[in-house]
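Sequences and hints are given; from them, build the entire structure.
Protein chains in written order, with this note's numbering: chain A, 345 to 457; chain B, 357 to 470.
By construction, these hints were calculated from the structure, which means they are not laboratory data.
Remember, predicted model here, so these are calculated numbers, not experimental data.
Errors might be hidden in some of the hints.
As the list claims (entries may be wrong) - Distance ranges between label pairs, derived from CB positions:
1. A:Gly428 to B:Gly396: 17 to 27 Å
2. A:Val439 to B:Gln370: 39 to 49 Å
3. B:Val440 to A:Val457: 23 to 33 Å
4. A:Gln385 to B:Ser382: 14 to 24 Å
5. A:Phe413 to B:Lys407: 22 to 32 Å
Cβ atoms here follow ideal geometry from the backbone N, Cα and C, with glycine treated the same way.
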Amino acid sequence: DSGVTQTPKHLITATGQRVTLRCSPRSGDLSVYWYQQSLDQGLQFLIQYYNGEERAKGNILERFSAQQFPDLHSELNLSSLELGDSALYFCASSVGQGFTEAFFGQGTRLTVV
Amino acid sequence: GQQLNQSPQSMFIQEGEDVSMNCTSSSIFNTWLWYKQEPGEGPVLLIALYKAGELTSNGRLTAQFGITRKDSFLNISASIPSDVGIYFCAGQGGSGGSNYKLTFGKGTLLTVNP
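Take a look at the structure:
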C-alpha cells in the first residue's frame, strides 16, 4: 500500500458525460501528479500541483481540468468524454516538487462507452 | 513529447534465469528510474539513478545510468515467479524532459515460468 488513495477504482460512463476522479496523497506529501495510462500511449503526464498551485502541465486536454484543495487532496475532472478517453488514470504524490520519490495510487480505470 | 525506447517489449523466461532490459533516448536525462507495475496496481519505484555511470543494486535487481546519460539498463538475476509484471524505465530532467515530470518508456512485460 503506497498510501495514495484514489477513488473510484472503476468508472463506466457514456460519451459526452463528465466525471471526477479523486486522489488523496500520502500524509505529508504536498505534490500531486496525474498520469494517464493507455495501451497505445503508455504512461503520459497530465498535470502537477504543489501545495494547491499548478506547477507543471503535460499532455492534458482542454476538456480535462484538475485542482488541489487546501486539505491537499486533488480532483481530476474529465468532461465531454470520448471513447478514446478510456484509460487508467493514476495519481502520484511526493513530499517536494520533484517527482523522483513519488508514490503512485492504484489508479482509476475509466471506461467510456 | 520525448519518447523513451524500451526493449524488449516482452520476455518469457524460466524461473532462475537472468533478465536484462534497457531504455534509450535521443536526449539526455538527469535521472533514470525503473518501476514495476503489477495487475491492478500503480507503478512501484524499484531503483533510482542520479549520476552518469552509476550502478545501483536493490536485491536481485541491478540498474545502470549510461555514461552518455541517454540510456539505462535493468538486470534481474535468478528470476522468480513474483517478478512477473511490467517494468518501466523513466527519465527526468535534462534536455529530455522537465524536473516536474517523468517521461516513461512503453514497458517490458515479463513472464516467468515456474
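* Indicate whether the distance between the beta carbons of A:Val439 and B:Gln370 respects the range 39 to 49 Å. => Holds: the Cβ-Cβ distance is about 41 Å, inside 39 to 49 Å.
* Could you check the hint for me, namely that B:Val440 and A:Val457 are 23 to 33 Å apart, CB to CB? => holds (30 Å)
* Is it true that A:Gly428 and B:Gly396 lie within 17 to 27 Å of each other by Cβ? -> holds (23 Å)
* Has the hinted range 14 to 24 Å been met by the Cβ atoms of A:Gln385 and B:Ser382? -> Since the Cβ atoms of A:Gln385 and B:Ser382 sit about 19 Å apart, the hinted range of 14 to 24 Å holds.
* Taking the CB of A:Phe413 and the CB of B:Lys407, does the distance hold inside 22 to 32 Å? -> violated (37 Å)
Checked against the numbered hints given earlier, this structure breaks only hint 5.
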